[in-house]
Amino acid sequence: MSALSRRSVLSLPLFAYLLSKAQFARAQGPAARNTDWTSYAGDTRCLRYAPLDQITAQNFNDLEIAWRFKPDNFGVRPEFNLEATPLVVNGVLYTTVGTRRDVAALDAASGELLWMHRIDEGARADKAPRKLSGHGVSYWSDGKGDDRIIYVTVGYQMIALNAKTGEPIKGFGAGGMVDLKLNDDQEIGPLNDDIGLHSTPLVCKDVVIIGAAHTVGTQPKHHANVKGYARGFDVRTGKRLWIFHTIPQKGEFGYDTWLDGVDQVGNAGVWAQISADPELEMVYLPVELPTGDYDGQYRRGAGLFGESIVAVDLHTGVRKWHYQLVHHGLSDFDIPCAPMLVDIPVNGKMVKALAQPTKQSFLYVFDRTNGKPIWPIVEKPVPAGDVPGEWYAPTQPFPSKPPAYDQQGVSEKDLIDWTPELHAEALALAKNYRMGPLFTPPSVWSDTGTWGTLICPNATGGANWPGGAFDPDSHILYIYSKTEADVGGTIPNADKTRSDFDYIYSRGTPPPGTKVTPRGDVKPGQLTVRGLPLLKPPWGRITAIDLSKGEFAWQVAHGETPDEVKNHPALKGLTIPRTGRPGVLAPLVTKSLVICGEAGFATQSGGRRGALLRAYDKATGADRGAVYMPAPQTGSPLTYMQGGQQHIVVAVGGGNYSAELLCYRLPKA
Amino acid sequence: MRISLGFGAGLIAVGVMALAFAAVAQDGRVATSGVYSKAQADRGAMLYADTCQRCHGSSMEGLDVAPPLTGPRFLGNYLGQPAAALASRIRTSMPLDMPGSLGQQASADLTAAILAANGYPAGSDALPSSSSQQQTITIDAVK
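From first to last, the protein sequence lines are chains A and B. Residues 167 to 835 (this note's numbering) are what the first sequence spells out, left to right. Residues 141 to 283 (this note's numbering) are what the second sequence spells out, left to right.
Simulated from the structure, these hints should not be mistaken for laboratory data. Cβ atoms here follow ideal geometry from the backbone N, Cα and C, with glycine treated the same way.
Here are a few chain B residues that face chain A, going by a calculated C-beta distance under 7 Å: (1) S199; (2) V205; (3) P239.
Pulled out of the complex, with its shape left as it was, chain A reads as follows (with noise of 0.2 Å):
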């Protein structure tokens, strides 16, 4: 589908109706007391933050579901995995929705469908690598009125839309359209190219930024993928104003970087969140790598721009600094989510800062004004592998404050040891692969060798795509994250139709037909003991970090004991404390608590099975609270003020419970 037609638009008939009433119910609350949340993560600086503080540690457990919102008709079968942070402007909440990802506005104060937004873009969107609903819409307006959301589709077409009407907006692009497969300076085909984003384009000042995503790079088909520049947009015109490449071009800064040229390599998109600074006019792109997760045999040398910060000038798009977090990146780590731009005292004078989350489970810090980093970041030797035609770093940036977040690494000491018998089952298990420290590669299956190498944190974490959070009274920024081991394991490919690699990843899985000798009971890539976790908890946890000291102030658990193991007969007698949970969560910091949602569901009291929407003391990371979500926590939590009520809302689903957003307020007395 080329262009947007009127038909293929859903304008619900009633939709003036719905919204001069609901018009009408904004004016009946306070309104001078409402807040906004008007970007993913708050405002364009990522920081997950509002100054609210109805809703104490006091009141906490009081919430109570005001509404609920199920989008399984949004699309042709429900979606169970909502991962959006929807957005409020005026009492009004917009989001995306569904398998079709679908734009919905609803009423802030009653969940009400306002109006929808629909476009039907058949093999374009079912070819797609990124499906579902995304994370949500971006806003924009001139203050005069012209109001817009704007969202990109899952065919990777971004649509500028009347914030009041849901109509498209026709001065922009075509009919309301921007094709995003058109003028990237490179060729990409309308329906098979690998292209697409999920993530919501940024808007700062009258600039729309968007990044790319492809399929997930595990076992790619080709090693010369598309390439994911980043691209600037005028938001008024949708008319392009800049690219930045990724992956240089020749010629450009950077291109020395790849051994041999970058003719053979794509990826390297920026599909994690975008943040900028208006003031400083800069906008900060985290790059991911580049093609081939695991496996870069195609892209030797250190490769910029993949896996680092790019800070580009809002309205051109040229550089003005980066900063590589990861050479030639073997392990998926990316950069999953916005930088966070935080201001905090170095050395008794605010600064101007950066702090980035990442998989590895390192906090980068650094002057967002020129990229240098807060504290030093020290080029540390690191091990190579062995596999034939790789390119390995001899070395990669470690961060000497602050400490690490989570585990990083697999030893012995990290494996399971509540009784001896599992941890002699754990160090069996744990003897089939290679160990060591974080940046150890991996390698090559082996029947009479190791099946790969175990790698913490894995490709999706420590901490992923929706990030972190940051109180700007404290300067103590959160994250959760999560500890899990996974495998990194490669084969010689012997199907070049699946994938044109010599060497693939197979996650400790032998080349398909390999008689595989016994090893007991042990099976390659199966990594739990007696139905356990091999790696020790805490599996989920959120610390607090204090960036005016780049030292810890606290770190807990998050999420409570599975079933599982609670009622695990080996640990019959012990006293197993809150273990965590695995999950890609992110917390929100309020003027008076830390909030976070739990991964997975556990049986809860009353027997209900659920999940627990959790409230901490954010100078201890004490528990001050938690009420029951019948699903986890899938999009991380926003709040606001409307009708003089504080609001939370939270994207829930999972398993066979379909997405749902749920918002919780206090009780009116």
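On the provided structure of chain A, position chain B as indicated by the hints.
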């Protein structure tokens, strides 16, 4: 600095244990008793490689938005649920580009493959394809 990975659970754990056992369907079977056949799991594994692997990973480890189908995060979604819950989810919503294209037999075979990958033992009989029969089989925890 305060690191508190403190002790939770306590009395709640006792209650949870009782509830978990109560969750097993009356007169039903549990997955650890062997509720699928090896031949069925092998069929499911082949189907998985063609249909599911590109999103869920070569050994069901999960990639990006596709959740893991093995290990603790799988149990976090399906522990205590009937096998029908998993089979139905597969049948009605997967794969992403052709939801509804997998029928009862295919979804039962895939469920068997997922159980096998999680270390549940094979039994003598295949997992029934009928949803009503799958309702009597509870996914318990491998121990």
